[in-house]
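On the provided structure of chain S, position chain E as indicated by the hints.
Protein chains: 2
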Amino acid sequence: MPVTMIGMQKSQFQQVKSIDKLARSGFLNTRAGSIKTPFFMPVATRGVVKGVSTDMVAATGAQVLLSNTYHLHLHPGEKIIKKLGGLHSFNRWEGPILTDSGGFQVFSLAHVRKITEEGVEFKDPKTGDLITLTPEKSMQIQMDLGSDIIMAFDDLTGLSLDSRGRTEEAVERTHRWLQRCILEFKKLTKELKADQKPLLLGIAQGGLDKKLRQKSIEFVQSQEVNGLAIGGLSVGETRQEMHKMLDFLATLYDPSKVRYLMGVGDPIDFKYAISRGIDMMDCVMPTRNARHGTAWVGDKKLNLKNLAFASDSSPIDKNCDCHTCVNRYSRALLRHLFKSEDPLAGTLTSIHNLRYLTRICEEYWK
Amino acid sequence: MPVTMIGMQKSQFQQVKSIDKLARSGFLNTRAGSIKTPFFMPVATRGVVKGVSTDMVAATGAQVLLSNTYHLHLHPGEKIIKKLGGLHSFNRWEGPILTDSGGFQVFSLAHVRKITEEGVEFKDPKTGDLITLTPEKSMQIQMDLGSDIIMAFDDLTGLSLDSRGRTEEAVERTHRWLQRCILEFKKLTKELKADQKPLLLGIAQGGLDKKLRQKSIEFVQSQEVNGLAIGGLSVGETRQEMHKMLDFLATLYDPSKVRYLMGVGDPIDFKYAISRGIDMMDCVMPTRNARHGTAWVGDKKLNLKNLAFASDSSPIDKNCDCHTCVNRYSRALLRHLFKSEDPLAGTLTSIHNLRYLTRICEEYWK
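Chains as they are written, first to last, in my numbering: chain S, 1 to 366; chain E, 1001 to 1366.
Do not take every clue at face value.
As the list claims (entries may be wrong) - Below, in silico cross-link-like pairs of lysine-lysine (DSSO-like), each with a Cα-Cα straight-line distance of 30 Å or less: (1) S:K82 / E:K1339; (2) S:K339 / E:K1339; (3) E:K1123 / S:K305; (4) S:K83 / E:K1339; (5) S:K339 / E:K1079; (6) E:K1126 / S:K318; (7) E:K1305 / S:K83; (8) E:K1082 / S:K305; (9) E:K1114 / S:K339; (10) E:K1339 / S:K305; (11) S:K339 / E:K1126; (12) S:K301 / E:K1079; (13) S:K305 / E:K1083; (14) E:K1114 / S:K305; (15) S:K114 / E:K1305; (16) E:K1083 / S:K301.
In case anyone wonders, no lab produced these hints; they're calculated from the structure. Since the structure is predicted, the reported quantities are computational estimates derived from the model, not experimental observations.
The shape of chain S in the complex, shown without the other chains (with noise of 0.2 Å):
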């Protein structure tokens, strides 16, 4: 397979090979760390992936972790990160930190928005102020916290109930906001040497609409950008709606530039996603899942609640090397804990599905 060296002048990602037409696998080079593709980014929603301390999450072989701007805005927000030395010093987590931009959480959990040119207006749930979200105070929030990999700010819209002229609005307002966010990342890191730099990803819109897509993946790569992301996608449409959107942007990409899908984790599509060019992916399914008592394996998900469980002395997966299977944590134990509600089940079996993904990606860095 023929080794691709990217000009790094360029680009932060450096191709090492083609696993087959789309597929590849190379390193993504960031301030803190080169990190191997394709990699899956556990969710730390509050700094921290839930029951999960950050030396497990390294332990399942994870290279970067995701913290949710949104959430550390609220709570213990971004000043106080700072004042402890950025994320990396108050998670613990050595390597790359991905930040997302707020836009997403502010599209699904908010409850009073409005969204005009300048940004979103929102209420914080708990305390009912009014919080204001910008592209420049996003790329602000996310410097303060000390982020390695950086994602604009976009205008998300759901599917289903959207109509293809607020899609379209979407897709021309996330591209202004785009411009102004490089211009203020630009601004907030005119300081820092080059190796010293955060990586900015730009978030590609367009829902399931082709034209659109494609103009917004070539608006992106055209912009000051480290990386492409796909937003939007994993939001309500079908899985084939998905794999055929997948399908379509693949002819599409810059192959200079680090490929991020946005939100997919289930098993299926993350391989899927793969296997058309996509180089990192972050999800909450994984971990959510855990909680809820499924387990991964293979192609089958384990619903560690049942009875059936209950007298099986085996681990989770015999053939896993996570730390759960290691230590021989059984499926028996496993569902003593969920029927006894110890966080402890969820944390354990957390742990083994976060391990599930990177073990996938691990059969591309060979």
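Relative to the frame of chain S, chain E by itself:
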């Protein structure tokens, strides 16, 4: 300091040195390994310490895990655990396991109970099923669980509510039940080789009555038991009352038997008990306190939920070598996690508090 070696036919306890007039250190030999004394046993109510995997508990230096017969009998049941190869195989604890007899939980938890000479009747709080625990049944369950240190089934009385008559009745019944426990224990272990038998500890009762206490201790020490447990303290009396009783009891001990003070883990009482010749203790306090946000440092108890810790980048105790402190999970992070209701907060603080008690013990092992 003279080293006293105790003949192993009579005793599993081997004293190595006297620390001062009363405190001592040595070894307690069990079929699952030799334990350095004095020691603290983390409480794994349902087989594991809530939120803390057994490998993490072992990493705190704890040597013995205590599990509750009552809880495991109700769920998942000792027959399932036996089928799975016993508690060690179920919870992955490699060192010795002590099980209580169920007596204390019947006393403190069960809503409906009837105490007769035969045993105790109570209703399963979940199913409403009528359950009978007797001295014989308690021995059988503990053997099925695969316990290495088995506790006799006793009749525990509370303090303030009970008259001297009730206390005396409980002492007498505890003694009769101990003899039934010994008979049943011998029957259940008669096929086992000497080094494969679990230990059996008898429990002395007597409340705050010196005469009853003396009678009870002398009785228990005269029986074929491997050690003496002090029950019925730390159940509502004042600290001063408890300490005075420990002073008195210290004059009565047989040096060849290990001494277990049940249910004590408050640091002040823990140190006091060791200074009065106690070899082993257990308590839910370090882990229950931890889950509620209280961390132990020196003579202080820190409430990690306090606003004062919001920007405190120091670990719980900069002189502590527990996993939580060594990894520099800060007070600020822990406060944030407690505020976010992430169970990881309880896990990391439990690890610290468990290590705290074992560090006290380690001073005696030198």
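Next on the checklist: Hinted pair, alpha-carbon criterion (30 Å max): K301 (chain S), K1079 (chain E). Please report holds or violated.
Outcome noted: Holds, at roughly 28 Å.
Would the pair K339 (chain S) and K1126 (chain E) pass a check requiring their Cα atoms to be no farther apart than 30 Å? 13 Å, holds
Would you check the hint for K1123 (chain E) and K305 (chain S), treating anything up to 30 Å between C-alpha atoms as holding?
-> 25 Å, holds
Given the hinted pair K82 (chain S) and K1339 (chain E), is their Cα-Cα distance within 30 Å?
19 Å, holds
Review point. Is it true that the CA of K305 (chain S) sits at most 30 Å from the CA of K1083 (chain E)?
Key: 19 Å, holds
Pair hint K83 (chain S) and K1339 (chain E), alpha-carbon separation not exceeding 30 Å
19 Å, holds
Problem - Given pair status - K1339 (chain E), K339 (chain S), alpha carbons within 30 Å - result: It holds: about 25 Å lies between the C-alpha atoms, which stays within 30 Å.
* Asked: Does the alpha-carbon distance linking K1082 (chain E) and K305 (chain S) stay inside the 30 Å limit?
  -> Given pair K1082 (chain E), K305 (chain S) holds - Cα atoms ~20 Å apart, limit 30 Å.
Q.
K1305 (chain E) and K83 (chain S) were given as a pair; does the straight-line alpha-carbon distance stay at or below 30 Å?
A. Roughly 19 Å between the alpha carbons, so the hint for K1305 (chain E) and K83 (chain S) holds.
* For the pair supplied as a hint, K1114 (chain E) and K339 (chain S), confirm whether the alpha-carbon distance does not exceed 30 Å. => 29 Å, holds
Please verify whether K1339 (chain E) and K305 (chain S) have alpha carbons no more than 30 Å apart.
29 Å, holds
Pair hint K1083 (chain E) and K301 (chain S), alpha-carbon separation not exceeding 30 Å: Judged against 30 Å, a Cα distance of about 26 Å means the pair holds.
Consistency note: the structure conflicts with the earlier hints numbered 6, 14 and 15.
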